[in-house]
Amino acid sequence: MTTIDRLVGAGVDRIDGPAKVRGTAPYAFEQDPGEPIAHLAVVQSTVNRGRISRLDATRAEAMPGVLAVLTPASAPRLAEGLSSDLPVLQSLDVHYQGQVVAAVVAETSEIAAAAIGAVVVEYAAEEPDVVLSTDRADLYAPEQLMAGFDTDSVIGDVDGALAAAAVTIDATYETPTQHNNPIEMHTSMARWDGDSLTMWDANQGPHNIVNDLAKGFGLDRGQVRIISPYVGGAFGSKAFPHPNQMLAAMAARVVGRTVVFELTRPQMFTLVGHRTPTIQRVRLGADADGRLTAISHEVVEHTSKISEFAEQTATPTRVLYAAENRRTTHRLARLDVPPPTIMRAPGETPGMFALESAMDELASALGIDPVELRIRNEPTEDPERHVPWSSRHLVECLRTGAERFGWAGRDLRPRMRTEGRWLIGTGVASATYPTRRRKAQCRISVDGRGGTAPVRYLVEIDGSDIGTGAWTALSQIAADALGVAMDAVELHIGDSRLPRAGGAGGSTGLASWGSAIVLTARDLRRRLDDEFGGQVPADGVTVDGGIEGEGPHAKTHSMHAFGAHFVEVRVDADSGEVRVPRATSVYDAGTVVNAKTGRSQFIGGFSMGVSMALHEETLTDPRLGHYVNHDLAEYHVATNADIGELDISWLDHPDELANELGLKGIGEIGITGAAAAVANAYWHATGLRVRDLPITPDKYFRELGLT
Amino acid sequence: MREFRYEQPPDVAGAVALVAGAPDGAFLGGGTNLVDLMKLGVATPDLLVDVRELTSREITDLPDGGVRIGAGVPNADLAADRRVRERFSVLAQALLAGASGQLRNRATTGGNLLQRTRCGYFTDVTKPCNKRLPGSGCGALEGVHRNHAILGQTLDGPGTCVATHPSDMAVAMLALDAVVRVLGPDGERAVPLAELHRLPGEDPSRDTTLRHGELITAIDLPPLGFPSRYRKARDRASFAFALVSVAAALRVEDGVVREARLALGGVAHTPWRALTAERALVGGPATEDAFAAAAAEELEAATPLRDNGFKVPLARNLVVRTLADLTEGSR
Ligand SMILES: Cc1cc2nc3c(=O)[nH]c(=O)nc-3n(C[C@H](O)[C@H](O)[C@H](O)COP(=O)(O)OP(=O)(O)OC[C@H]3O[C@@H](n4cnc5c(N)ncnc54)[C@H](O)[C@@H]3O)c2cc1C
Ligand code: SF4
Chain U
1 MTTIDRLVGA GVDRIDGPAK VRGTAPYAFE QDPGEPIAHL AVVQSTVNRG
51 RISRLDATRA EAMPGVLAVL TPASAPRLAE GLSSDLPVLQ SLDVHYQGQV
101 VAAVVAETSE IAAAAIGAVV VEYAAEEPDV VLSTDRADLY APEQLMAGFD
151 TDSVIGDVDG ALAAAAVTID ATYETPTQHN NPIEMHTSMA RWDGDSLTMW
201 DANQGPHNIV NDLAKGFGLD RGQVRIISPY VGGAFGSKAF PHPNQMLAAM
251 AARVVGRTVV FELTRPQMFT LVGHRTPTIQ RVRLGADADG RLTAISHEVV
301 EHTSKISEFA EQTATPTRVL YAAENRRTTH RLARLDVPPP TIMRAPGETP
351 GMFALESAMD ELASALGIDP VELRIRNEPT EDPERHVPWS SRHLVECLRT
401 GAERFGWAGR DLRPRMRTEG RWLIGTGVAS ATYPTRRRKA QCRISVDGRG
451 GTAPVRYLVE IDGSDIGTGA WTALSQIAAD ALGVAMDAVE LHIGDSRLPR
501 AGGAGGSTGL ASWGSAIVLT ARDLRRRLDD EFGGQVPADG VTVDGGIEGE
551 GPHAKTHSMH AFGAHFVEVR VDADSGEVRV PRATSVYDAG TVVNAKTGRS
601 QFIGGFSMGV SMALHEETLT DPRLGHYVNH DLAEYHVATN ADIGELDISW
651 LDHPDELANE LGLKGIGEIG ITGAAAAVAN AYWHATGLRV RDLPITPDKY
701 FRELGLT
Chain Z
708 MREFRYEQPP DVAGAVALVA GAPDGAFLGG GTNLVDLMKL GVATPDLLVD
758 VRELTSREIT DLPDGGVRIG AGVPNADLAA DRRVRERFSV LAQALLAGAS
808 GQLRNRATTG GNLLQRTRCG YFTDVTKPCN KRLPGSGCGA LEGVHRNHAI
858 LGQTLDGPGT CVATHPSDMA VAMLALDAVV RVLGPDGERA VPLAELHRLP
908 GEDPSRDTTL RHGELITAID LPPLGFPSRY RKARDRASFA FALVSVAAAL
958 RVEDGVVREA RLALGGVAHT PWRALTAERA LVGGPATEDA FAAAAAEELE
1008 AATPLRDNGF KVPLARNLVV RTLADLTEGS R
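Just so you know, the protein sequences line up as chains U and Z, in that order. Residue 707, in the working numbering, is where the first sequence stops; the numbers in between run on with no holes. Residue 1038, in the working numbering, is where the second sequence stops; the numbers in between run on with no holes.
By construction, these hints were calculated from the structure, which means they are not laboratory data. Hints are supplied without guarantee of correctness; some may be wrong.
[What the hints assert, rightly or not] Quick list of the computed label-pair ranges, beta carbon to beta carbon:
#  : chain 1 : residue 1 : chain 2 : residue 2 : range
1  : U       : PRO64     : Z       : GLU1007   : 51 to 61 Å
2  : Z       : GLY844    : U       : ALA163    : 47 to 57 Å
3  : U       : ARG413    : Z       : GLU902    : 49 to 59 Å
4  : U       : ARG404    : Z       : GLU1007   : 44 to 54 Å
5  : U       : ASP411    : Z       : GLU902    : 47 to 57 Å
6  : Z       : ARG790    : U       : LEU632    : 30 to 40 Å
7  : U       : LYS596    : Z       : PRO770    : 54 to 64 Å
8  : Z       : GLN715    : U       : LEU632    : 44 to 54 Å
9  : Z       : LYS746    : U       : PRO64     : 13 to 23 Å
10 : Z       : GLU1004   : U       : ASP411    : 35 to 45 Å
11 : Z       : LYS746    : U       : ARG449    : 46 to 56 Å
12 : Z       : ARG764    : U       : PRO26     : 31 to 41 Å
13 : Z       : GLY844    : U       : LEU92     : 20 to 30 Å
14 : Z       : GLU1007   : U       : GLY705    : 17 to 27 Å
[Said to hold, decoys possible] Residues of chain U placed beyond 10 Å of chain Z at every Cβ, according to the derived structure:
#  : residue
15 : ARG6
16 : GLY81
17 : ALA113
18 : PRO142
19 : GLY194
20 : PRO266
21 : THR329
22 : HIS386
23 : PRO622
24 : GLY687
[To be verified] To spell it out: a stretch of chain Z is covered by chain U in this simulated footprint if at least three of its residues, at any positions, have a beta carbon under 8 Å from a beta carbon of chain U; those stretches are:
#  : region
25 : 847 to 853
26 : 1023 to 1030
What you are looking at is a predicted structure, and each value in this text was computed from that prediction instead of being measured. Yeah, the Cβ is synthetic: ideal placement off N, Cα and C, and Gly gets one too.
Based on the provided sequences and hints, a complete structural model is requested.
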């Protein structure tokens, strides 16, 4: 059988583009449930820890237009077994500031918003414990990390090797609390029909939302339907359910009609998770030629009292460079903070900042070019698992990037280039992210239409497009696999009624859904060939297929995407303001299915890394335990003006062992290492090493000793 | 959010009468600050009197070569006005350094002057704040205050407040000796901009010296006649409030400073006129050393907090650079 490879790889325009531009693509809030919608608003706790001592909703209940007030006393009981912050309104205990303590359902959002102000809540509050530090006595080792990684890895004699090394680096890096802020706030619209629940919801995978709702409300999974065809951005906070889905379903049950709950922007900072802050000590030992003999990466981070989320921060250190002696550890503190969650490349994003900064410090200590240093430490196999790579072209990324960027001839010394008041420097960092795939089922039906109309293929899979371009990329994949034009494919995604698949997360989307589609399409074509002589029978054919999870090579090979970032940074010598006028990134990500939307993923990932390096930080008041910035005026993300010329390219090396499409995943690789590249360039420009992100102007004066 | 009444009276006198008669009433300009504060529960007016279309949207020439700016002029229009760009470039630059294109289209000149502090404790009703809730304490003093004031704060007592005024436009106007024209229940008065905003003193709840019901109708700028410039340092390239900003105008002859105007933003509860520095500059040489000495003299009064000490060297550097650039430009 031949595959006609004409669409995969091409820069096909988004098929959902026109509908989105015209505003006709319905996001969760815009869906029509077929009946008038009631609105929900929530009262949030003002203390981090304690218990509700008094709650009086009588005034709110009496307000015209208020349909119901849900409190821990009156809210429906959810079944036992829900974890983290999902048992909403089930107890009087308060575990974090912003926890939902009451909810109002009203005819309009305005009435609901007015009524929450009329609910009186008092607390018996206790001192909050929100400050992470490395000397806390209660740091503990979790049983395992997110995504099933081991908590620690210890190989050889790290301390001995460090003591014997010609050159060592010992530095501590810090990354702050960060918050997911997709443009579309989390939104859930719930409707009950008898004991069946329909929810139009903003999430990263409808099937991921079904379970907890079914469990909480004592339903079969088939009684819960989640519909999410269009999602306005997501970086991890929409991967799993949060209180919003529970509340909407509860409220709809109580008032007997459709209820919608759309978070406000400030609520994005308390109700749907955050990226844990990290404190990371990295020690490197090398011989005089820069060959690493020891790598140690020890991570301290937090989780909440009511859930364990153990970010896999040091895991990239387990694969990136060769060294005989190696150690990675993770320790957590349980604090009175909302449950942390996934945010673009959890683990790699903070971890690579530390590792790749330390590599830069080592290069400078050795007087070796930082590109060369990385090349010298290229491992021939996975340095901890001791299995071969499915494919690894990091060195080619570094060399190609250096060429495109104009790296040659760079002065190794910092603070050597100026232009007027601008201090100019350049920096490099590697990127890496695991390649995985998840179980995915798929159904493809072909309708012969009695031989009268053009043949149409219906491709059904519960994939998810969170703005990435999956609608288009999956249609390309399906068309190629079926050997037809794209307009012969009708794709259905974003609905838990569709064949089950994992969500858009871990850069596994196209690897999983795409492979399922390819295999199912092959099956269908085989059946058409075998049973119908290559013709579509008049009454059509339907084939169910899919993948079980990881492919056969996942056990025998180490699979990762790689990349290299080269960044120019300009720092204003008067103000410490930082600009990133240009950057080059080269990726080894296997097949890039859609050159256009793929490029957008790389741009977005890298830009988010610049944002992390220079801007993003959620500030906590240590005494009150509160987050102090909670809107987009004060929680800074990079603006357009902060992102300069981005030269983005990728190597043409499909990974034949990874999956049916040879792709390695592109959603997260762009952010990994990006912050380190910026910080390294900042050092090169100024001679100042800022090890705690973000690099804001105040730190320039701090490092100069002027504050 | 509290329920409120919305009125669009036919003239400014009617608007003044409405708000003067309603203790919890407020004027509404573009609403880009007030409506946000209402959603947050920080502002709770029961009456909004919309003056955006009522107050003048015209910029007119004054006989002395100055201009009169109607309170309803959108920030975007003001920044784009040819007279402003040519004669008062510090003002056009300040406006364009603020907010975003969308906000500048919507925001009015009057509203911009009266926008409230961005202090994160002020904008969150669950936190202590003497400005929002007198007597509740100042959350920022020992809390998160990297972008708070270094000059003129009230550092203890019930009036404690270390907030900054967020406006860029007001800093430029202060350097330009702007005069604010106000209509109140008792008639019209003219308030020099330098007397409009007030330091927290004993009562941080009051940002300005305006009385309830007083409407800003226009701002007058007297003629300037020498080059001016605005420099703003911020956390990102666009769409961020000032860490420190400098509005300056300088007349240099034969290497000697003849006239100097200097105002700082992001450093105090008011836009900060640097009178000490101005006095030190006039008559002295137009050199970086002299500029640095003048800046240092002004900043001697600074009382930085635990985490905002960087604003002192930052302000000094920006003053020196801005004055040096102006000198360069006038050669
Ligand atoms: C995200 C964001 C970023 C921003 N960034 C910046 C920035 O970088 N720099 C900057 O300078 N500003 C910035 N701003 C603030 C913006 O400039 C102000 O919100 C705007 O100028 C206020 O004008 P307005 O007409 O919308 O005022 P409104 O919100 O309508 O009113 C503000 C106040 O003035 C009163 N008022 C309005 N008009 C009159 C009048 N004629 N007489 C008496 N009282 C009146 C109102 O009652 C209210 O108290 C930003 C705002 C936002 C939301
Ligand atoms: S600085 Fe002023 S506005 Fe901020 S918390 Fe203190 S009193 Fe309130």
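Unsatisfied constraints (hint numbers, rising):
8, 17, 20 and 23
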